[in-house]
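Number of protein chains: 2
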Amino acid sequence: MTQGGRFDFEELFSDRAPEPKPGGAVQRAKYDFAVAYPDPGSLPLDELASSLRGALAEEGADLAIYPHPQGYPPLREYVADKLRRDRAIEVTPDDVILGDGSSQPLHMAIEALVEPGDVVLTEDYVYSGTLSILGRFGADVRGIRCDQDGMDPDALEEAVELAQAQGRRPKMIYTIPTFQNPQGWTMTLERRKALVRIAQKHGVPILEDDCYVDLRFEGEDVTSIHSLDDAGLVIYVGSFSKIIAPGMRLGYLAAPPQVLGVARAVKSGGGVNQFTALAVHRYAACGLREHISDINRVLRAKRDAMLAALGENMGSAATWSRPEGALYVWLRLRGDANTTLTHQAALDVDVGYHPGVNFAPDGVSGRNMARLCYGYNTPEEIGEGIARLAEVFDRAGYLD
Amino acid sequence: MTQGGRFDFEELFSDRAPEPKPGGAVQRAKYDFAVAYPDPGSLPLDELASSLRGALAEEGADLAIYPHPQGYPPLREYVADKLRRDRAIEVTPDDVILGDGSSQPLHMAIEALVEPGDVVLTEDYVYSGTLSILGRFGADVRGIRCDQDGMDPDALEEAVELAQAQGRRPKMIYTIPTFQNPQGWTMTLERRKALVRIAQKHGVPILEDDCYVDLRFEGEDVTSIHSLDDAGLVIYVGSFSKIIAPGMRLGYLAAPPQVLGVARAVKSGGGVNQFTALAVHRYAACGLREHISDINRVLRAKRDAMLAALGENMGSAATWSRPEGALYVWLRLRGDANTTLTHQAALDVDVGYHPGVNFAPDGVSGRNMARLCYGYNTPEEIGEGIARLAEVFDRAGYLD
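As they're listed, the protein sequences go chains C and R. The numbers in the numbering used here rise by one with no breaks, and the one at position 70 of the first sequence is 70. The numbers in the numbering used here rise by one with no breaks, and the one at position 289 of the second sequence is 289.
Keep in mind the hints are simulated off the structure, nothing from the lab.
The list treats identical chains as interchangeable, and a pair is accepted whether it falls inside one copy or across any two copies.
Here are the simulated SDA-like pairs of lysine to any residue, each with C-alpha atoms no more than 20 Å apart in a straight line:
{"#": "1", "residue 1": "LYS201", "residue 2": "GLU157"}
{"#": "2", "residue 1": "LYS21", "residue 2": "PRO69"}
{"#": "3", "residue 1": "LYS201", "residue 2": "ASP152"}
{"#": "4", "residue 1": "LYS193", "residue 2": "ASP230"}
{"#": "5", "residue 1": "LYS201", "residue 2": "ASP8"}
{"#": "6", "residue 1": "LYS201", "residue 2": "GLU11"}
Make a model of the complete structure from these sequences and hints.
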């Protein structure tokens, strides 16, 4: 019953509880291409502080009350308006629940639907954070082959039919259709329509993660998957993390009433942080659109700096994506490279990145790939960091 | 596969997902004795806004970074210092994880330990929010008889032994030892020692919920259960909701490393809201102790108003607690009264309260009881609201 003289909890943990997660903050490098941070110099700090002060003067006394379980109603109204205007999504504020960043909304949708062994289909490389939530609920995650237009519809339908043949109706198709994380492409309209057709035909919900959609600095928007579906099988997630700041921890889920009912029950911690919601609501209502234009100008320059540095330092020894928006480049080295092995060597010269295998649904593919985020550092730092990274890869023989 | 022409998710939900939760905000009354709100007139709004502005000037750019998974380190340091100073609890900032209010920390501890059918022991009437989380994870919750000194140790040990005889080692004892919610008493030092002795003897962890401890306006503090345990089996939860504001959604869990590892994995939404943590940290470090003295003076006057109004309007027809702190009075009517039946009639005259049965672990006891919170309304309003409530009870024949 004791562990080194201390009480031992081991045999008391729920069989359904997740494996323990190690403590400590993530080691950060000076040239931090690891995490998809927005530009720290562009954060609208004064505007948020003023917005908060104004909101507190108007309705600060209501902080004494517990927030609405779905989150501050005026901010949900803003979200519904924004989705209608920008994504052709017709939802009401009642269809929206606010959560901590996008990760809690994703968690709510996944916990509602996925139990151990359930099949979930997603892009062949996809956001590691969602893979981690899917893993926590025991999903059998299967990656679907992608090209520059998005998920391959034939491969997707084959995977659905394979699961059905195994007696397992897939619980969801998870996709990041716009500036796919980490691959960077945007799914074409035709592919979106094909995806909806397959989902409707086989009765598989779609979880559409559109966290990056506002960060377009080139090219044309493609309408949301949600807007193409007339059956009501799309669950939609968005976030203020990339257009305001991750530290605000504000995102949202828009879902059909059945799903929303379960999501409300899954959500932990009561209605979303009201102090922050007040500030974000006042700020979003007046300054956010202009801020998005501003940060997209900054991001384009940073993307250009990274593309230039990759060209100079890795030349023809590697290939990489050329994103029209968002925060990352997907790098592909020669087939026998292993970016997991060079990860520590890169940190030793103060360069951070995420090895490709972190984004692999099967947990083993993508060894020769890496995601490089350009949001955090200045263009000059990006040049220096990529030069250092190229040296690390070169020493490992990956640029031969 | 469709439901009224819409996609039907019903058969896709996880068997482990909770039952759907109805939508909509709680109906609030003018005389709102239902929820344990702090005094809305005393919220330190200007101080929070200034604290935030100062913090953003110093380290606002770090909002671009994802918060530490356990939450803003300086605020965890403040919490560790406060626990040492006020509750004789020796923990380091690494032993603390911040969460949304106290409900997410409670959720983390409960999800870590409790699976369907697990026995959990608690006070015979106890906080409905925790009962709801325990229910969501399928706990077999058993209420232990209490008197004015706290949980009866003999009844507790009998319940532990009964569970063991049924082949089920209890997963935890959940207690609110200080200003017990809803009963209002504070567990004596002797009872706390007895509780720890029983827990250590039988190997049952204690979840100590100390959310109200700072709101003492009379009497003497009793040291924490955590400080009396030398085995490391106490998990401790606290919150800023009642001493700053519920809308801040900030609370904390202090737990042994094994539990913290699982709690980190259970936590949804990443590190706690950094925007709010920055403001609360700066405010707590300079103004919180004085603020607590101020609000306790206000609360004492409100409690006195409620006790006086109960005496005037219900006289000898009912009994009630006389709390030395916190936010509620526990009312007991004649045995055949049913406060669930009069709940709507009270709302119809703009009076809100929580029926006693909401706090019953067995879900049926406490029909003749009610919790009346005095934090929200002014003393005058409390007088009027209690008079109206007495009329409702009188019409129902409960004051005869």
